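With chain C's structure known, arrange chains G and B on it following the hints.
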Amino acid sequence: MAAKRPGGWAARLMGLDRRIIFALIFLATGLPLLFPVNLPITPSPRVRAAFDTVDRQPPGTYVLMSLDYEPDIKAELQPMAIAVLRHCFRKGLKPIVLTLYPAAPGLIERALVIAGTAEGKKRNEDYVFLGYKSGSQSVILGLGESIRQMFPNDFWGTPLDKIPMMKGKNSFADFPLVINLSGSSIADYYIRIAATRYQRPMVLGATAVMATDYYPYLSSKQILGLIGGMKGAAEYEKLMDITGDARRGMDAQSLIHVTIAILVLLGNLALFLTGGFRPGGSGGSREGTGR
Amino acid sequence: MNGVETWIAAILTICVFSFLYRDNPLYRFAEHLFVGSAAGYLLAVQYQNVIKPNVVERIASGNMLAFIPLAMGLLVLGRLWEKTTPISRWAIAFYVGIYSGIAIPSYLQAQVFAQLADAVKPFEPGWHAINSVLILLGFLSVVAYFFFSAPHKGVHGAAARVGIWFLMIAFGASFGYTVMARASLLIDRVLFLLRDALHVLPAI
Amino acid sequence: MRYGPLLVTFVVGTALVAMFFIPHHKVQEGQSVLLDWANVVYAFALILGSLSLWASHQRKFLSRAEGWPYSFVTLAALAFVTIAGVVQGVEEGTLVNRYYNMVNSPLASTMFALLAFFIASAAFRAFRARNAEATLLLGTAIIMMIGRVSVGEFLWSGFPPVTEWLLDVPNLAAKRAIALGIGLGAVSTALKIILGIDRSYLGRS
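Note that the protein sequences, when read in sequence, are chains C, G and B. Sequence positions in the first sequence follow the numbering used here and run 1 to 291. Sequence positions in the second sequence follow the numbering used here and run 1 to 204. Sequence positions in the third sequence follow the numbering used here and run 1 to 205.
Watch out, some of these pointers could steer you wrong.
So, partial list: chain C residues that the calculated Cβ filter (under 8 Å) puts toward chain B [unchecked claim]:
(1) 21
(2) 34
(3) 42
(4) 72
(5) 145
(6) 149
(7) 152
(8) 196
(9) 198
(10) 199
(11) 213
(12) 264
Honestly, the hints are just simulated from the structure, not real lab data. Computed from a predicted model, the values in this text were never measured in an experiment. The C-beta atom is built at its ideal place from N, Cα and C for all residues, glycine as well.
Next up, chain C with everything else stripped away, as it sits in the complex (with noise of 0.2 Å):
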């Protein structure tokens, strides 16, 4: 006969389905969309140091902006560049835009038309979209000598020369701020390019996976503000008093995130519970070669 397995429940919870909490997490997104709850929303420090450095500008401040994401990453980043749009418009700043991503373009020409019909602005008279431009890192150090090298025309084609906007703003010199949104390593070659090299005051809005690498930069000031992922994008909404994709979206994020915790807790107790978990010992450090 059979000896009876320790912690009954604990196994089969060990050996639970993967589809199972596939579905859970499909309810957990799905739910809260439907029936939202609108839970509080309370903008972190570094969001609010971001949206501050925007805010203190004066009006007619040019401000570079950099919207560097692509469709299949604009879940978090379309709504925070929306969102850091329209307090450009709103405080009177002079937004000139570009992209250093090929299929950007789209994606930002659509925020623009949203933050700027919202916020009655027309385009070459209160924002410049330059469009798309290969070579990131080069493209970048050419920013930092001549746009009009990198960016002879803007994304309808005309010539930047044309457009009254654009009259004496050439390089990074003439911008008191640069805002760049991105999810790769172009926030990296800002940081090290605009905000070091030529010191332009600088705000950064990255993915969520990238954002904890940017906390040393803040610290040292090469940036003034980090927004975050979708939950950054909600907190300069909620400073904007601005419903967007990102607010509506928190309610599924805390949702998920609480289901993830929740199944990580019970993990470890159904291993605990089944004989598997040894507490104590140590992951040791490793030696070195000793060279």
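This is chains G and B only, laid out in the frame that chain C set:
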């Protein structure tokens, strides 16, 4: 996107999600379609935004210097055949030299000097000094952990152990944020299906 | 036989380092030209990658190997998008742009969205507090997951300050050390490449 395009996008989305149940022909079709489309798009963009303005149009306008990058590009294609692989090294050497040269001053300035300067700044006043001490302690102990040219014994070993604790906290924080990032992408897809495809949620 | 390419690397690399320190506009224009040439080389490297992809799927298709119909899908998509993009362009309103929004974008987004499910499943199965360090990692992750979303501050008002402290102090300290290590590593690798000590990028002789 119009209605038909939205529905095609929705169907492709569901084809990929079907993988969650199990691997199936619909998912494999979507996967192979994505691979081909992504590679083709990358090629088209590189031609329109790099090769055409920097090579084709410059040569057409009489700029003979543009033959240099064209020649280097063709050298890279030498890797397609074993006999011509050695000639591709010239172009690769050029490319690697360019970005190695850019890397040295920019990494030194932004990541080494700037971070060291911030690490040795005076402590914050009052109770915040505790945080400043912890940051300095953490920084030195993690640097000690990553120094493998000496064995992790004695004081160095103890410092490395403390460094591991700081690293575990940092990686835990990164994991938490990574979950947020992945969840955001899923929320976006479900919002698309509910709002744009099924019209269950109001359009914005 | 490799001395030529090594010399090219040395000359070009040294020139780019020197150009960082010379602000004269002619020097900076020269730097721009060199960077444009590097972008062209990169574009041809991508062409090389796509040709390899084509060759691999073509072999599978012609030999009717397992999964050959899917290889046909890849080849057809690659050919269509490349030809349409080269002929008509990729701007807003073109056939390729509409195709991108209808096919590439949802497929890429959904592939990434799958990760949310797998991260949940992997966390349940593999995230174990087996020792002190793993417990520290797991504890921090749970505090961050709950504390950084709205439900965290709803459950306990202390969650946000705790998560901010974790990010501003231990996370900052560790990431600063990592950034320093990456910076020093990148500089030493770049120096070794320019001086010809590291020749791995040239491949086997």
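Cross-check of the supplied hints:
1. 21: Constraint on residue 21(C) satisfied, holds at 5 Å.
2. 34: violated (17 Å)
3. 42: holds (6 Å)
4. 72: holds (4 Å)
5. 145: holds (5 Å)
6. 149: holds (6 Å)
7. 152: Check failed: Cβ of residue 152(C) comes no nearer than 13 Å to chain B, outside 8 Å.
8. 196: At 12 Å from the nearest chain B Cβ, residue 196(C) fails the 8 Å test, so the hint is violated.
9. 198: violated (11 Å)
10. 199: violated (13 Å)
11. 213: holds (6 Å)
12. 264: OK, holds: residue 264(C) within 8 Å of chain B, min 5 Å.
Checked against the numbered hints listed earlier, the structure breaks hints 2, 7, 8, 9 and 10; every other hint is satisfied.
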